[in-house]
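Visitor: The chain contents come next:
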Amino acid sequence: MMASAKKRKKWHKVKKGPFIVISSFLVIWFIGIASGEPVRVLEQAVRVCLSCIGIG
Amino acid sequence: MESVRKWVQVVFGFLTNGYWAFPFTRNIYQGPLKVICAPGLNCYSCPAATTYCLIGSLQQLLANMRLALEGGQYYFGLYVVGSAGILGGLFGRMICGWVCPFGFIQELLNKIPSPKFGVPRPLRYGKFIILLVFVIILPAFAMDEFGAGSTWFCKYICPAGTLEAGLPMIFLQPGLRANLGYLFINKIVILVLFLGWSVVASRPFCRTACPLGAFYALFSRHKLVKLRLNRDNCTSCGACHPVCPMGVKFDESPEDQDCISCMKCMTKACRFEAIYLEIGGMPVATGSSLVRPVSVEE
Numbered sequence: 001m002m003a004s005a006k007k008r009k010k011w012h013k014v015k016k017g018p019f020i021v022i023s024s025f026l027v028i029w030f031i032g033i034a035s036g037e038p039v040r041v042l043e044q045a046v047r048v049c050l051s052c053i054g055i056g
Numbered sequence: 001m002e003s004v005r006k007w008v009q010v011v012f013g014f015l016t017n018g019y020w021a022f023p024f025t026r027n028i029y030q031g032p033l034k035v036i037c038a039p040g041l042n043c044y045s046c047p048a049a050t051t052y053c054l055i056g057s058l059q060q061l062l063a064n065m066r067l068a069l070e071g072g073q074y075y076f077g078l079y080v081v082g083s084a085g086i087l088g089g090l091f092g093r094m095i096c097g098w099v100c101p102f103g104f105i106q107e108l109l110n111k112i113p114s115p116k117f118g119v120p121r122p123l124r125y126g127k128f129i130i131l132l133v134f135v136i137i138l139p140a141f142a143m144d145e146f147g148a149g150s151t152w153f154c155k156y157i158c159p160a161g162t163l164e165a166g167l168p169m170i171f172l173q174p175g176l177r178a179n180l181g182y183l184f185i186n187k188i189v190i191l192v193l194f195l196g197w198s199v200v201a202s203r204p205f206c207r208t209a210c211p212l213g214a215f216y217a218l219f220s221r222h223k224l225v226k227l228r229l230n231r232d233n234c235t236s237c238g239a240c241h242p243v244c245p246m247g248v249k250f251d252e253s254p255e256d257q258d259c260i261s262c263m264k265c266m267t268k269a270c271r272f273e274a275i276y277l278e279i280g281g282m283p284v285a286t287g288s289s290l291v292r293p294v295s296v297e298e
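Residue numbers (our numbering), protein chains in the order written: chain A, 1 to 56; chain B, 1 to 298.
Please note: incorrect hints may appear among the correct ones.
Computed list of lysine-lysine pairs in BS3-like fashion (alpha-carbon distance at most 30 Å, straight line) [as the list claims (entries may be wrong)]:
no. : chain 1 : residue 1 : chain 2 : residue 2
1   : B       : K249      : B       : K111
2   : B       : K268      : B       : K116
3   : B       : K6        : B       : K249
4   : B       : K116      : B       : K249
5   : B       : K268      : A       : K13
6   : A       : K13       : B       : K249
7   : B       : K268      : B       : K111
8   : B       : K249      : A       : K15
9   : A       : K15       : B       : K268
10  : A       : K16       : B       : K249
What the hints contain is simulated information worked out from the structure, not anything from laboratory work. Owing to the predicted nature of the structure, the values given are computational and were not obtained by experimental measurement.
Generate the whole structure from the sequences, applying the supplied hints.
Guide: Here it is, written out as structure tokens:
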């Protein structure tokens, strides 16, 4: 009886760890946006940095 | 599953390098999509690149941090680190296995018939040293007399940048050839070494030197999508060892930092359904079935 009672099905628990990690980095991401970093990133990305690719 | 992965690699390769007007403009893409990050290692000075490189941008922001602060701009790389962290928390090194163009190139090179060798395990810590020293510490703290740093990893190491940007740019803009010197020779040597190594060993750059892979590896325990081991089903037969392109022994270390979730062990090796894919703790697939029941016997 005990063994059959233990055989009841249980649901897998949703892990909180990944959601905490993702939420933390979302906060960091939003702080970066609020400080205007995307504009700076875009300015850098549309220019060829010659020394970065080994030229000059 | 392996053919699906190959198609995903091809599609993402084209999505992150989708600017095919470069032979006519002879320049890189300069549109607004470049505010979005490429999940894998993909140089944003590549003429076809449509997105920015996480590692390149982080170095640029850190290298110019002092000048930015003097100008009242608080740029610490939070947007870039946040983007990388969100991707890491979702997928971890699955990105290396499924969408990174340079990883895909290494996989293709490894298909060339030749004797195959392993990569010594201690070398895998090299990528963490490169991330810490060449991507963070040197760009942030090694300044010139004007207070500006340099992009040390891109400048002295990155073989992806040499292959995807350096070589194409000297063909597109012949005037640049006059500037080639020891810096370029150094980068060509590093590129040739890694490409040659990729023929005889599986993904050597990913395993030993990739700083983006090192960053994603930090999420191996707490990523949303991951492969898991059901120890009740595992017979420790070792069938998952030889199929792993990263040299991971999945039955011994299921949360290994180098697992790129390519799923070869799950779909090609394990016959006991001991390896399964889970999302946020919920099993979703095994080697033989796409959807696994979400309940288990207690």
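Visitor: Next, verify each hint and record whether it holds.
Guide: Now the hints, each set against the structure:
no.	hint	in the structure
1	K249(B) to K111(B)	21 Å, holds
2	K268(B) to K116(B)	20 Å, holds
3	K6(B) to K249(B)	23 Å, holds
4	K116(B) to K249(B)	18 Å, holds
5	K268(B) to K13(A)	28 Å, holds
6	K13(A) to K249(B)	26 Å, holds
7	K268(B) to K111(B)	17 Å, holds
8	K249(B) to K15(A)	24 Å, holds
9	K15(A) to K268(B)	28 Å, holds
10	K16(A) to K249(B)	27 Å, holds
Checked against the numbered hints listed earlier, the structure breaks none of them; every hint is satisfied.
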